[in-house]
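K.L.:
Chain residues, written in single-letter form:
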Amino acid sequence: MAVTASMQGTTMAQRTNVEWLTALGDGDDAALADLRTYVLRAALFTLQRARHHVGHLGTSALGQLAEDCAQESLAAILQRLGTFRGESQFTTWAYTFAVNMALLAARRERWASVSLDHILDGSETPSSTSGGHDATLDPERRALQAEAVAAIRDAIEHHLTARQKQLLRAVVFEQVPLDEVVRHWGSNRNALYKLLHDARRKLKSHLHARGFDVEEILDLFGARA
Amino acid sequence: MSVSKFERLLRLASRTQEQELSCTECFDVLPQYVDLEVAGAAPERELPLFRQHLEQCAVCREEYETVRELARLEAEGRSPSIDDLRRSL
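Quick note, the sequences are listed as chains A and B, same order. Numbering-wise (numbering that gives the first Met the number 0), the first sequence opens with residue 0 and increments by one. Numbering-wise (numbering that gives the first Met the number 0), the second sequence opens with residue 0 and increments by one.
None of these hints come from the bench; they were simulated from the model. Just so we're clear, the structure is a prediction, and the values are computed from it rather than from any experiment. Certain hints may be false.
Said to hold, decoys possible - FRET-style restraints, in silico, Cβ to Cβ: (1) 28/A - 57/B: 47 to 53 Å; (2) 81/A - 76/B: 44 to 50 Å; (3) 174/A - 38/B: 30 to 36 Å; (4) 44/B - 28/A: 23 to 29 Å; (5) 81/A - 47/B: 26 to 32 Å; (6) 214/A - 40/B: 28 to 34 Å.
Said to hold, decoys possible - Under the rule of at most 25 Å between Cα atoms (straight-line distance), these lysine to any residue pairs were calculated in the SDA-like manner: (7) 201/A - 158/A; (8) 193/A - 86/B; (9) 4/B - 190/A; (10) 193/A - 53/B; (11) 203/A - 185/A; (12) 193/A - 50/B.
Beta carbons are placed, not taken as given, at the ideal position from N, Cα and C, and that holds for glycine.
Whole structure, please, built from the sequences with the hints as guidance.
P.N.:
Structure (structure tokens):
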């Protein structure tokens, strides 16, 4: 612990992973203060970068949000100190918590006034493509496109569960952050990611069974993945 | 439905794998991946499922991009100060 780094005009000790763990495990005040500075910086940086989520908030509200996120991340880091495996720098590991908390808060702010029920209960399914209305296309290609669109609609309407359809509509079509649906449904990110994963697999497999390869469909519409 | 929504769905479906990382697994691997990347290594070779998860999950991708930027600035000795960040909010 010899080299020093300057942050916020103060001098902070540069610690190895072992030094961080030992100091924090011992309740060392200087290490706690330094860690708090790291996570506050990460929270402020994240909110500054996430203007598309929090552009409507004023400087004071954003500053307070960053402080709250820093405090929450600090508590989470200290609680999970025993799970740090040393596969990264301790500070990068700590940043991950602060960034996660700050983005959760930023997305919550962005979507607070949006009715997710309205989005989740919509009924929109794919019906058109980049080439779908092109009258210059040869009839065979147009027929293939129509067949592909029908297969996709059929997969969504008849092979996905109601929950999968809602999630697909919100997260893939309307780009609602997964966290917001998690919050709305009182679920967790892993469970909803799995639900989407299963929906994608079903879609892919259904299209395959109908003789379509997803890459080929994208090609068909001039949108190669 | 707009063209972009249709294509977005197909692109996600085309990159779907039988086995994918969960968001928690992605969170756990993220700092290691970022450190390797910032150090100039090629972590996508060692941790291909991490990159695949990011293609599918916008929230994890946003977190990864932010942590990577922070770590990169730190490695270059250009970390923003708290005062500067507060002023720029």
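K.L.:
With reference to the structure, classify each hint as holding or not holding.
P.N.:
For each hint, the structure was consulted:
The hint said 47 to 53 Å for the Cβ distance between residue 28/A and residue 57/B, and at roughly 39 Å that hint is violated. Checking the proposed 44 to 50 Å range against residue 81/A and residue 76/B shows it is violated: the Cβ atoms sit about 31 Å from each other. Between residue 174/A and residue 38/B the beta carbons are some 33 Å apart, a value that agrees with the proposed interval 30 to 36 Å. One distance hint, 23 to 29 Å for the beta-carbon pair residue 44/B and residue 28/A, is violated here, with the actual separation near 42 Å.
Checking the proposed 26 to 32 Å range against residue 81/A and residue 47/B shows it holds: the Cβ atoms sit about 29 Å from each other. A hinted range of 28 to 34 Å for the beta carbons of residue 214/A and residue 40/B is consistent with their spacing of about 30 Å. Distance hint between residue 201/A and residue 158/A is fulfilled; the C-alpha atoms sit about 7 Å from each other, no more than 25 Å. Taking the CA atoms of residue 193/A and residue 86/B, the gap is about 40 Å. The hint is violated against a cut of 25 Å.
Among the hinted pairs, residue 4/B with residue 190/A is consistent with the structure: their alpha-carbon atoms are about 23 Å apart, no more than 25 Å. In summary, the hint linking residue 193/A to residue 53/B is supported, as the alpha carbons are separated by about 14 Å, within the 25 Å threshold. For the suggested pair residue 203/A and residue 185/A, the alpha carbons sit about 28 Å apart, so the restraint of at most 25 Å is broken. Of the pairs offered as hints, the one joining residue 193/A and residue 50/B holds, with about 17 Å between alpha carbons and a cut-off of 25 Å not exceeded.
Going down the numbered hints, you'll see the structure goes against 1, 2, 4, 8, 11, while the others check out.
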